[in-house]
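Visitor: Work the whole structure out from these sequences, hints included.
The numbering used here puts the first residue of the sequence shown at 786, with every later residue one more than the last.
One thing to keep in mind: the hints can contain errors.
[What the hints assert, rightly or not] Mimicking EDC-like on lysine to aspartate or glutamate, the simulated pairs with C-alpha atoms at most 16 Å apart in a straight line are:
#, residue 1, residue 2
1, Lys-814, Glu-1036
2, Lys-1016, Glu-1036
3, Lys-858, Asp-843
4, Lys-858, Glu-890
5, Lys-867, Asp-925
6, Lys-867, Glu-921
7, Lys-867, Glu-922
8, Lys-814, Glu-832
9, Lys-816, Asp-843
10, Lys-816, Glu-1036
11, Lys-816, Glu-832
12, Lys-788, Glu-985
13, Lys-858, Glu-832
14, Lys-816, Glu-985
In short, the hints are calculated from the structure, not lab data.
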Amino acid sequence: MIKLAAFDVDGTLRDRDYLPESTRTALLKLKERGVALALCTGRSEYEMESLRKELAIDWAVTCNGSHIGYQGKTVFGNAFPKETVAGWLHEAERNNHAVLLYGAELMFTNRENDSLFLQAQREIGFMEPVPLQTGEEMPDVYQCIMFCNEEEETGYIRDRRESYYIHRWRPWAVDINPNGMNKALGLRRLLDHLQLAPHEVAAFGDGLNDLELIESVGTGIAMGNACDELKAKARFVTKSIHENGIAYAVEKWIL
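Guide: Pasting the structure below:
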């Protein structure tokens, strides 16, 4: 019996501003059956606040698993050492790279109106980050997005690649998370907190950063618009987001 359903956001629950009415209905049905809901996304808690409230979802596993919040408040967090972030900011300034830092409540950037950030904002949507001020105390940072190519990322990762979870989602943009965190490890921490077993969980995703998530639960479901690598790992493949894929899967394999 499924007791919790976890949902990736972009390409799964919504496509930019498009969120199918059938998805809202399916989530309501799950809640009426006593199934807990959780967002499970590479985005920040800050960015997910309005969606979480809109869909009445209490739990959010954000920053690719590095931050877990309940109704917007931090429950668990795995932040970078502050000296690591400070070093990255120094390297970014030296190379004229934009950096996006995900805190628990805000997003920060070292460069306003950077062309690559603006391109990402046009393509997938980002809320406006807060400019970092010189001498400002560094907040806890749970995820960093570097706007640089794969060759240039070596200046940040150096010989510690095995210490991070790295998800390159554009040739010019990469997510970096601490201590090898990913969505599966973040969700597992939530499951331990809720005293649930993986076989009692369904998870939905569409991208490469959902691979570990889909494999870690009893019912891993790939969207019809998912990448081929994820479809190969999933227990089920549903229809695409524009074909009411969430509602189809909820009726067919969960309820």
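Visitor: Could you run down the list of hints and mark each one as holding or not?
Guide: Hints, one by one, checked against the model:
Distance hint between Lys-814 and Glu-1036 is fulfilled; the C-alpha atoms sit about 9 Å from each other, no more than 16 Å. Taking the CA atoms of Lys-1016 and Glu-1036, the gap is about 19 Å. The hint is violated against a cut of 16 Å. A threshold of 16 Å between alpha carbons decides the hint, and for Lys-858 with Asp-843 the separation of about 10 Å falls inside it, so the pair holds. Of the supplied pair hints, the one linking Lys-858 and Glu-890 holds, its CA atoms being roughly 9 Å apart against a limit of 16 Å.
Restraint check: the Cα-Cα separation between Lys-867 and Asp-925 comes to about 7 Å, which is no more than 16 Å; the hinted pair holds. Taking the CA atoms of Lys-867 and Glu-921, the gap is about 12 Å. The hint holds against a cut of 16 Å. Restraint check: the Cα-Cα separation between Lys-867 and Glu-922 comes to about 10 Å, which is no more than 16 Å; the hinted pair holds. Distance restraint check for Lys-814 and Glu-832: the Cα-Cα separation of roughly 25 Å exceeds the 16 Å cut-off, and the hinted pair is therefore not satisfied.
Between Lys-816 and Asp-843 the alpha-carbon distance is near 11 Å, which keeps this suggested pair within the 16 Å criterion. Pair hint Lys-816 plus Glu-1036 holds up; C-alpha atoms about 13 Å apart against a cutoff of 16 Å. A distance of roughly 23 Å separates the Cα atoms of Lys-816 and Glu-832; the hinted pair therefore is violated under the 16 Å criterion. Distance check on the hinted pair: Lys-788 and Glu-985 sit about 5 Å apart at the alpha-carbon level, within 16 Å; holds.
Straight-line distance between C-alpha atoms of Lys-858 and Glu-832 comes to about 13 Å, which keeps the hinted pair within the 16 Å bound. Restraint check for Lys-816 and Glu-985: satisfied, since their Cα atoms lie roughly 15 Å apart, inside the 16 Å limit.
When each numbered hint is compared with the structure, violations occur for hints 2, 8, 11.
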